[in-house]
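Here is how the chains run, residue by residue.
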Amino acid sequence: MKLHHHPELLDRLAAAHALGTLRGGARRRFEALAREEPAVRAAALIWQGRVAGMNELQMPQAPAAAVWTRIDNLVRADQDSRAMAMARRAPSVQTPAGGGWWRNLTLWRGATAAGALATVLALVTAVGLRDQLGAEIGALQARLATVPTVEYVAVLNDDSASPSMLVTFDPNNRRLTLQRVGDFQESADKSLQLWALPPSGAPRSLGVLGQERLLRLAAAEGDVREVPTLAISLEPKGGVPSETGPTGPVLFKGPLIQKML
Amino acid sequence: MSAPPLGMAAQLHAQCAMPDTPDDALMALIDRIARQDAAALKALYDLTSGKLYGLALRVLRRNEWAEDALQDTFLQIWRTATDYRASLSPPMAWLGLIVRSRSLDQLRRRRAERDHLTDEIDDAMADTLEGDSPNPMDTSLASQQAWALHQCLSRLENKQREVVSLAYLRDLSHGELAQQLQLPLGTVKTWIRRGLDQLRTCMARFA
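Protein chains in written order, with this note's numbering: chain P, 1 to 261; chain R, 1 to 207.
Hints may contain errors.
Derived DSSO-like pairs: lysine-lysine, alpha-carbon spacing no greater than 27 Å straight-line [said to hold, decoys possible]:
id	chain 1	residue 1	chain 2	residue 2
1	R	K42	P	K253
2	P	K190	P	K253
3	R	K189	R	K159
4	P	K237	P	K253
5	P	K259	R	K42
6	P	K259	P	K190
Pair by pair, the computed Cβ-Cβ distance ranges are [what the hints assert, rightly or not]:
id	chain 1	residue 1	chain 2	residue 2	range
7	R	R61	P	L214	46 to 54 Å
8	R	L88	P	E212	55 to 63 Å
9	R	T80	P	E212	42 to 50 Å
10	R	S101	P	H5	31 to 39 Å
11	P	D183	R	R85	44 to 52 Å
12	R	G175	P	G138	50 to 58 Å
13	P	E36	R	L185	27 to 35 Å
14	R	S173	P	I46	21 to 29 Å
15	R	L185	P	S200	44 to 52 Å
16	P	R175	R	E64	28 to 36 Å
17	P	K259	R	L185	44 to 52 Å
The hints are simulated quantities; they were obtained by calculation from the structure and are not laboratory data.
All C-beta atoms in this analysis are idealised placements derived from N, C-alpha and C, irrespective of residue type, glycine included.
Whole structure, please, built from the sequences with the hints as guidance.
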């Protein structure tokens, strides 16, 4: 039967198909006909468009403000990873005379992992004992786990929105790395202190910073997981206990973003 | 059957909607998002999130689930805005389809996660057609096509309109509708059939 010779029936089936109430074998037969007969396909598409108008007729409701924050975080992380991918590709273009490839982070990460693998394989061969293979694979996995990965990133800005501190967290090595990017230098009798600002509850101290431009702090992933914001306050030399909370002014602050890649 | 003067109203709407429509503004934003302009995404969110969240809530009922669906929607918009022009859809139609798909994904995911809690989910989803109160419709930002559907849906009895709407929005079969709305299966089938027949007659005038 040519369905398009029965316009009334075709229209009824196409409408029910678009609404979703045409089910089971009837639905499969209709869809098979739509693939064969352009007129059936056209009717199906017209009704899909008509019925989809339902999506546009619902009463507006205000979503919670936190929804945009979450979207914004993910979009920023997406932009960051694109920027990093661009930066990785860029050097080979910018420095045609060479000198690009050896700065390639991915390559070196790969090389580190390959180095670890080679070491273990050499060990395995040297020892030559099958029953030690399991232990060696364990060692390899442990070694690979120490290759740094950056999973959390924060750029802390000062009052005038100038970036002042770049913070990254590597969960494999349980290490926070802080790099001063502004020219702020605290006086000799003061210390900068890093705080996690959890969504509820008091700020938690993540550590006190030394005077150097690049510094590292030990931290567990639990310390930074689900922490939306990091802040740095100016404290008396050596900092204050975590329970006290910041006592001096908050100098730098910024959202902590978990990278998806 | 007496035909109400739909044609003239539709014409008027079309004239008003020609230049400088919200559609133009929305399309300009989607084009900017396709070029990875995050500020445009925020502007689109400010303009449409209320409307789109209303749809997600109608599909999912629970704030938490609808918020997740809205988040998935805007991430998809961010990633696939380059596909918009090829869809040939009015912007709100394209956005609405994304919200409905992501909302139905949420529903499937929640069901799969907690299979043993299906009853609880059904309870949460249960709508009662109390009295004959109309579920209000809203035409703000609606495309011309949706506006036509609105005209035709308005002509249905409230209960018919509700059943037809939920069948589509929540992708429910006759049986599932009967269960969620606590109505006899035969009643649901009759309302849907009559509702669709009236819609077909009415929509044909807008073709």
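To see whether the hints hold, each was checked on the structure:
no.: 1; hint: K42/R / K253/P; in the structure: holds (22 Å)
no.: 2; hint: K190/P / K253/P; in the structure: holds (18 Å)
no.: 3; hint: K189/R / K159/R; in the structure: holds (12 Å)
no.: 4; hint: K237/P / K253/P; in the structure: holds (20 Å)
no.: 5; hint: K259/P / K42/R; in the structure: holds (20 Å)
no.: 6; hint: K259/P / K190/P; in the structure: violated (33 Å)
no.: 7; hint: R61/R / L214/P: 46 to 54 Å; in the structure: holds (51 Å)
no.: 8; hint: L88/R / E212/P: 55 to 63 Å; in the structure: holds (59 Å)
no.: 9; hint: T80/R / E212/P: 42 to 50 Å; in the structure: holds (45 Å)
no.: 10; hint: S101/R / H5/P: 31 to 39 Å; in the structure: holds (34 Å)
no.: 11; hint: D183/P / R85/R: 44 to 52 Å; in the structure: holds (47 Å)
no.: 12; hint: G175/R / G138/P: 50 to 58 Å; in the structure: holds (54 Å)
no.: 13; hint: E36/P / L185/R: 27 to 35 Å; in the structure: holds (33 Å)
no.: 14; hint: S173/R / I46/P: 21 to 29 Å; in the structure: holds (23 Å)
no.: 15; hint: L185/R / S200/P: 44 to 52 Å; in the structure: holds (48 Å)
no.: 16; hint: R175/P / E64/R: 28 to 36 Å; in the structure: holds (34 Å)
no.: 17; hint: K259/P / L185/R: 44 to 52 Å; in the structure: holds (51 Å)
Of the numbered hints listed earlier, the single one contradicted by the structure is hint 6.
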